[in-house]
Structures are given as structure tokens and as C-alpha cells.
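Undergrad: For reference, the chains in residue letters:
Number of protein chains: 2
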Amino acid sequence: MKIELICTGSELLTGTINTNAGFIGSKLYNIGHELYFVTDVSDKKEDLKNVLSNAISRSDVIIVTGGLGPTFDDITVETVSECLKRPVYSDEKVLENIKKYFLKKGKTFPEINKKQANILKSAKILENRFGTAPGQMLNFDFKDENIKIRKTLFLLPGPPREMISIFNENVEPFLKSYSIGIKKSVSINVFGVAESEVEELIRPVIEAARFGYNDTVKFGILANDSVIKVKFSVSGQDEIFVDETINKLKLGFTNILKDNIFGFGDDTLASVVGKLLIGRKKTISLAESCTGGKISSTITDIADSSLYLKNSIVVYSNESKIKLLGVKESSINSFGAVSKQTAKEMVESILKLSSTDYALSVTGIAGPGGATRDKPVGLVYIGFADKKKTEVFRFLFSGVREQIRNCAVNASLDLIRRRLM
Amino acid sequence: MKIELICTGSELLTGTINTNAGFIGSKLYNIGHELYFVTDVSDKKEDLKNVLSNAISRSDVIIVTGGLGPTFDDITVETVSECLKRPVYSDEKVLENIKKYFLKKGKTFPEINKKQANILKSAKILENRFGTAPGQMLNFDFKDENIKIRKTLFLLPGPPREMISIFNENVEPFLKSYSIGIKKSVSINVFGVAESEVEELIRPVIEAARFGYNDTVKFGILANDSVIKVKFSVSGQDEIFVDETINKLKLGFTNILKDNIFGFGDDTLASVVGKLLIGRKKTISLAESCTGGKISSTITDIADSSLYLKNSIVVYSNESKIKLLGVKESSINSFGAVSKQTAKEMVESILKLSSTDYALSVTGIAGPGGATRDKPVGLVYIGFADKKKTEVFRFLFSGVREQIRNCAVNASLDLIRRRLM
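As they're listed, the protein sequences go chains A and B. In case it helps, numbering that gives the first Met the number 0 puts the first sequence at residues 0 to 420. In case it helps, numbering that gives the first Met the number 0 puts the second sequence at residues 0 to 420.
Certain hints may be false.
Stated by the list, open to error - If you want the footprint, here are the derived chain A segments under chain B, 3+ residues with CB under 8 angstroms:
hint, region
1, 29-40
2, 46-54
3, 111-120
4, 132-143
5, 295-304
6, 307-318
7, 366-376
Keep in mind the hints are simulated off the structure, nothing from the lab. Glycine included, C-beta positions come from ideal geometry on N, C-alpha and C.
Sequences are here, hints too, so could you generate the full structure?
TA: Next comes the structure, spelled out in C-alpha cells:
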């Protein structure tokens, strides 16, 4: 089953990141379907028509997001109508609901929103819990050399919250019911080994799989700020066979990558660290310099992080390192703010100050400025302490400011994870 | 000139966000060109061929990213070769450079990387400063009903750093030289007014422009965590006319949106706050609760932020509010940790503790848990203080945890901006 996604909206072509494509791609992958194409196209009718025609001819399921709003540049319904030669009618019930929506918000109904009740003939109306434009699902026949092929089109609103809710309630169950055979996917999340090294390490397992199971196994490796995801999927007709293969591969990868594996699927370093701290009923505090609060921010992205993160002090100047954390002025003068000694004093001080079980400190040069002859951009010291012991590790990250900061955040979280294992 | 982008790589279809498309879309927009289509496609030859053929028939310039690596699923060069019936040769100089690249890193040259020296006949080789795969630029003729049309194809590597460097050095200058007529783009960045309100407010200016200058003016509005971008572009043959129209529109929008405009183009709230603080030689400190370090992290994303951010304390527990900031236990007991009083004590304490010119505090309920009958998820108090005065503002943000945190970060930065103006 070939599925493709069309995302409409001029903003997607002028720099706005398409997060809808990420959501849908990841969803399909996890239910064993494959997304074949994603096309971003503006709200020009001629261009959308071109993209729709290509999609209709090459794919079985076409998902379109965006262009269901009330303004003149919302042209999805009328363009589909022209493309498929399928008439549109104004649905009374939908119109009623839209009017109610405005009434509930204490606003008068703008005439312009009438347009959102325009429905393709025979389309199923998909309720929108978070906005005025309903989704639509249309089955239609496509003629390819006189053979009729049944195809399905989904129209979804562009705002992520509305799209996600309609996708989860309608598109996902539909696609799940259409799974031909069985396909299961796994993502193994790794930290502490370079991407090229991971590739080399796991090659024997992949080669064996390719030889053993032919084309039913697929692999991919993704790397982002030193976090590596080894993804694979197994498909077949027999669930027992699929599960066996999955387990064999998982075991193969685990034997090789060992404790560098920090989780599976959607697990992040921050979520894993959170689970470990909650499980062990331990608390942590942070003293951040070059990461400027990003470790703390990443940890507190997770709900319930208040159970284990007590506090974090961002000391972004020598003065505040001395004043707030009691780092010795002489240490900064002799060794520098970016040094093993400063990281050590920072972490020991924050541990004491916060009375937590663990503490972590980071000091480094994120760049672009700040490098000296001995201390290049990317040099980062990370300290970790509990009541018995303090350790400091030296890292040299590469890339621009953002990458160096992100790698320092990830290395810090990974260090906490390893010390908790 | 129709430009389109093809991004290859299975990861783009399984959940990885396509940041290359964002970069290229934004770049083209800013130099007055328009991106017509973005297609994400996996590394299956048949699918890439389909996408390439569509692109070649409908666009004048086709930019392809990814698939230039050494492994078996890097198929861009061979697929283009088949599509355009253009032979490929192994370039000796390129091969030499690749070998040198490995030598410099102290690694032996892997035979598999030989493939990266494969160049399309007559293509211009575009040097890659950050990796082994060079980019390629190919001019070719496309026959449309017996009329030959000159088209241009760029092949760029997928890793952002490599792609960006080759894009900036080669693709951008090429496109700049091809600008037909003049097109200038402006983005007006707004905070403090709701998206729907902005739309209503600026409609008269837009209507006047549509009536006055026909189709040469284009508008769009983007909203993200309460930050709104009003984008418009003006095109024409006469630079004086274009500039005049731009200025007229800018003035029109400025008269309406006034000090809600915080910047233009790539300006962010954090960069604007940074410039204001540097310009006034002032320093700031932060006390964060529900934002968990994200304000600090956003401020320190900017290079040179150490000139104005002295420190930030993340107090993620009542205990740390009391211990590190001296918030009165009685205040927390009587008013709650999320209250005007707590925000006030937090900001006054951090100002004193840090001896900065300004200080800001945030306390709120990011959710999903933590709400009480009187205090819903999304309730946030932001305090601002200088040596003379303390103010506390109450906000009620909507959305999920991530949105509430981001809106609180943006509202905090905007508050600092307004107090500095």
C-alpha cells in the first residue's frame, strides 16, 4: 500500500519547519506502514493540482494537510473537487457545528467561515475537536489503463493539534485495518559510540539478516547531536516469524552495543534519566555554565521532573561562579573557568548547597568566541558527584555553538544515566 | 523561475524533521526567489526516479539533497544519470581529495568511498569543506514539445553543515545572478497581539495594497508560540517602485502594530533583548520555576550573551525557592508557589543576590498535573524588577506543557524588551 502525504501552505516553502510530516511519518512507521513521498506545496491552485495528480496516479492513500481554513488562500477542497471532478455541497450539520463553535466562544459567526462547511460529495466527515474545519475522507476509483483502482484520500486541517486529533481518531485506525501481513518496527537508541563506529559494529548483524531473511528486514541509522538511532523493521505473513526475527536482531544489536543502548522507541536521554531517578527515589541538582540552562530545560521538558530535579544554577560569569557557587577565585585564576578544577568545585558546591543525592556541573567553550591557545572551542568539562565521590570528564565536541551545546547536554544526561545504572 | 527541492533519505519519511528544507526555503525567500515544491523521498530508485521526472518536467532549477554518501542506499548520482541519460565518470582529482580527507584524519581509505568520486559528465564540481562528497551542478536541456529548455540541477550532500556550506558558496550566488526583475521580502516580527487580531488589524493595509499594486504584493502570517511573523514580498521591474511599496507597507504595518513589533527578518525575541541589553550596557539575572531553565537556555543560545546574562537560578521545588532564593515559607503556605507574592519575592531576591541591573522571575503551572481549583494549567506569573520597582504580571496560556512553557519564555523575553525600550 503506497501512502503519500501532501502538506499545503506557503509557509512550508519559506522556512517554516514541517512538523506535521514528522508526526505522520513516525506514526506510519510505528504501525508498520510506509510513507513513500512527502510534498510541500504552496496555496497556488495550479501547483497543488500538479502535485495532487501525481499523487493520485502513483499512490493508494493520499493524505493532504492544510488549506481547510476560511480565507481565500485555503483552496484544498475546491482543488480536489476539480482534480477528481467531484462536486462539493454545503453540509448543514457541519455549518451548524461551526456556528456553535463561535457561539461558545462568545463571538459572532463570520460569513467567511461558511466555506468550511463545503464537503466533497460522498466524503465521510471527520470531526474536528479543536477547530472549525472538519476533516474529510473520500474513497474514489482511479482508472489506470482501463483498470479501476480503489484509492483513498484524507483531507486534514493544518494546525498540528487539529491534524493530530483527526489523524489518531480516523486515519490511524483506517490504516491499521489495511495492514497487509505483519510489519513491526524497532528503534534502538544509542549514546556513547560514534555514528560511523555504530555502522561498522552492527554491519555483521545486518549482513546476516540480509542473507537470512531476504528483503523482509530493513535498516536505517540516524544521528543527531551524538544521539544515534538504529531503526529496523521486519515484515512477513507470520507473526511468530516476525517476532522471532525482531528478537534475534534486538539480541544481536544488544550484544554488540551493550550499555551504550539507553532506550528504545520514543525514549530520550532525559526521559530515561527521569525514570531511573524516580525508580531509585533519588534527586539531582545542576550547575551549568556553557550549556546556559539547557540541561535543566531538557530535564524539565518531561512532566513530573519536579520529583527529581530540585534546582539548577546557571553561572554564566566568573563572578557568579565565585559568588553563587563559592568556586575559589584562585582556582579560576590558576586553571581557568573552563577547567577540571572549576568543574569539580562547581559540582561539589551545588551538591552541598542543594542537599540532593547527585549533582552535575558543566563548564566549557561553546563558541564562536572564547577559545585560547590551549583551550579550543568545543572543550567541555562535565563533573558528577554523589556524597562519596566526585568525577570530572573532559570532552571535545565539534560543530557550531548549537551543536556543541546540544552535545554537552546529551553527554551530561548520558553521564547521569550511566552512574545510575 | 520555478525552483524545487528534493530531499532524499528514508529517515525523512519515518519521523525525522527536514531542517534542510527549512533552511533552503528561508534562504530563497530572503533573496527574492520562490520555492515551489519540496518533496521528501526515500532511497528507493524507482521512487526517486518518479520524483526526479516530475521535477524535471515542471521546474527550472532542481536542488537535490542527500544520497551522495558511500553506502549502497546512496543512489542520487546513479539515478540522475539514468533519468537524464547522462554518463558518469570517476573524477581523479575528487578521488584524490577524498583519499587525502581520510589520510588527514589518520584513517585508511575505505574502498566503498570510491563511489563518491562519481561525477555526472559536464557537471561542475562543488567543493565540500566539511565532508567527502562534493556537490555537483549540471546544466541540461529539457525537451518540451520540441522546444529545448535550459534547466539546472544541483546535487548537494544531506548533512546540514555540508549542504549549507555548498549552498551558500554555489547555489545562492547562482540564483542571485538569475533574479528576473526585482523582488524584495520583509518579515515583521510581532509579539503581544493574538494571531487573529493581527490578521484583522492589518487587513485594511493588505486590501489597499491588493487594490493598488495588483499581484506584485504577497502576504502571509505565521504564528508560533505567540510569536507572529507578518511576511510580505514586493516584486516588479523597477527597484524604486519596489522600495517605495515596501516602505509604504512597512509604515502601514508599523502604524498599526506599533511597539508590538519587536524586530524584522531573522530577529528573535532573544536576539533583540540581547542587543538592547548590550546597547544600554545593562545586565540581567533570572529566577525560573515552571520554565525550568528554558529562558536562560534561550538567552544563551545567542553568542555573546555572557555580556549581559550573569546567572539564572532554576528553583524547581518549594524547598529550593526558600533555601536558594529566600522566598518566605509563609508566603508559599498562604499564597502558593504559583502566586503574585512568590513571583515578587523570587525576582527581588535574585536581583539582590546577583547585583544585576534587572531581574526576571517566572512561576507557573506547565501541566499536565499541578492544577488546583483556583489555579488552572497555564497560569503563569512573571515578575520584573530593577533597583527602583518590582512588577508582577499574570498570564493564562493555553496548550500542552511544551506550548505553555514556550509561551512563558516568549512572554518573559518580551517583557524584558518592553522594559528596556
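Undergrad: Each hint needs a verdict: does it hold in this structure or not?
TA: Comparing the hints with the structure gives:
Counting residues of the region 29-40 of chain A whose C-beta lies closer than 8 angstroms to any C-beta of chain B gives 8; at least three are required, and the coverage claim holds. Coverage of the region 46-54 of chain A by chain B holds in this model, with 4 residues showing a Cβ closer than 8 angstroms to a Cβ of that chain against a need of three. Check on the region 111-120 of chain A: 0 of its residues sit with their Cβ under 8 angstroms from a Cβ of chain B, so the three-residue criterion for coverage is violated. Only residues whose beta carbon comes within less than 8 angstroms of a beta carbon in chain B count, and the region 132-143 of chain A has 0; fewer than three means the coverage is violated.
Counting residues of the region 295-304 of chain A whose CB lies closer than 8 angstroms to any CB of chain B gives 8, so the stated coverage by that chain holds, three being the minimum. Against chain B, the region 307-318 of chain A contributes 10 residues with a C-beta closer than 8 angstroms to a partner C-beta. That satisfies the three-residue criterion, and the hint holds. Only when three residues or more bring their CB closer than 8 angstroms to a CB of chain B does the claim for the region 366-376 of chain A stand; here the count is 3, and the claim holds.
Of the numbered hints given earlier, the model fails hints 3, 4; all others are met.
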